[in-house]
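Residues -28 to -1, 1 to 179 (mature numbering (1 follows the signal peptide of the UniProt record, and there is no 0)) make up the sequence shown, in order.
FYI, nobody ran anything at the bench for these hints, they're computed from the structure. Please note that a few of the clues may not be correct.
As the list claims (entries may be wrong) - Calculated cross-link-like contacts (lysine-lysine; reagent style DSBU-like; alpha-carbon spacing at most 35 Å):
#1 Lys158 - Lys136
#2 Lys24 - Lys172
#3 Lys89 - Lys168
#4 Lys89 - Lys136
#5 Lys170 - Lys154
#6 Lys172 - Lys89
#7 Lys154 - Lys136
#8 Lys154 - Lys168
#9 Lys168 - Lys158
#10 Lys89 - Lys154
#11 Lys170 - Lys136
#12 Lys24 - Lys170
#13 Lys24 - Lys158
#14 Lys136 - Lys172
#15 Lys170 - Lys158
#16 Lys168 - Lys136
#17 Lys154 - Lys24
#18 Lys170 - Lys89
#19 Lys24 - Lys168
#20 Lys89 - Lys158
#21 Lys89 - Lys24
#22 Lys172 - Lys154
Small disclaimer: the values here were computed from a predicted structure and weren't measured.
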Amino acid sequence: MRKKSKVALSALVGLASIFSLGVSPAVAQPVDQGHYAVTSAAFESSLTLDGKVVDAATFAAMVRNNSTDTPAVKGDTDYGKHSFTPQRPHWRFGDDNGDGEQQIGYDVPAKISEQWKYQLSGGLAGVIVGNVNQVADLYCSGAHRIHYGPHSVSPYYLFHGSSKGPHITNQCHELRNEQSYKFRHKIGPGGNGELKAKWKYVITWVK
């Protein structure tokens, strides 16, 4: 049994190296016993301009009428559902408003970590005037756990954060990351806008 544990550890180290290079393994392996599994991942975002919610097609038309730059319309859906395992610790998601990534670090069975990054789409960033004011928070089963800290930066900035500790073990059933991006825009006479993005995932103990 000790030899098998060493082999499993070596495999996880190898996978960590693969993901650090941005390359996904060809085939996902079954979940190792004794590790955390994160499932039920889901993503959504909502864009508001001057107090009105704007969908992807409407935003594209607004930008088209305002300039020669027209954002591509991908539709208001994520890249598909994802189940986190030690073999599949990485998830990409997004829509017309922006793209993000979430990664789970399976350091030891009793404690895991999470890392994320998110970037506004080129179409949205292109209509923003000045900096974006961003805040991000992590919730555990509805209770606030972490405030990642505010940013006032360029709309092309790659936002990111990470955390680890008991708030992301089996003591927390569902984790939810909520983001808010407030800005000034130059569409028409100009005005205020806000993008809200959130994604959630569930951690369960694999026996």
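Status of the hints after comparison with the structure:
1. Lys158 - Lys136: 39 Å, violated
2. Lys24 - Lys172: 25 Å, holds
3. Lys89 - Lys168: OK: Lys89 and Lys168 at ~15 Å, within 35 Å.
4. Lys89 - Lys136: With a Cα-Cα distance of about 15 Å, the restraint between Lys89 and Lys136 holds, given a limit of 35 Å.
5. Lys170 - Lys154: 15 Å, holds
6. Lys172 - Lys89: Given that 35 Å is the threshold and the Cα spacing comes to 14 Å, the pair holds.
7. Lys154 - Lys136: 27 Å, holds
8. Lys154 - Lys168: 9 Å, holds
9. Lys168 - Lys158: 19 Å, holds
10. Lys89 - Lys154: 17 Å, holds
11. Lys170 - Lys136: 19 Å, holds
12. Lys24 - Lys170: The given pair, whose Cα atoms are some 19 Å apart, holds under the 35 Å limit.
13. Lys24 - Lys158: 16 Å, holds
14. Lys136 - Lys172: Holds, because 16 Å separates the two Cα atoms, which is no more than 35 Å.
15. Lys170 - Lys158: 25 Å, holds
16. Lys168 - Lys136: 24 Å, holds
17. Lys154 - Lys24: Within the cut-off at roughly 14 Å; holds.
18. Lys170 - Lys89: 12 Å, holds
19. Lys24 - Lys168: OK: Lys24 and Lys168 at ~13 Å, within 35 Å.
20. Lys89 - Lys158: With a Cα-Cα distance of about 26 Å, the restraint between Lys89 and Lys158 holds, given a limit of 35 Å.
21. Lys89 - Lys24: 27 Å, holds
22. Lys172 - Lys154: Status holds; Cα separation ~21 Å.
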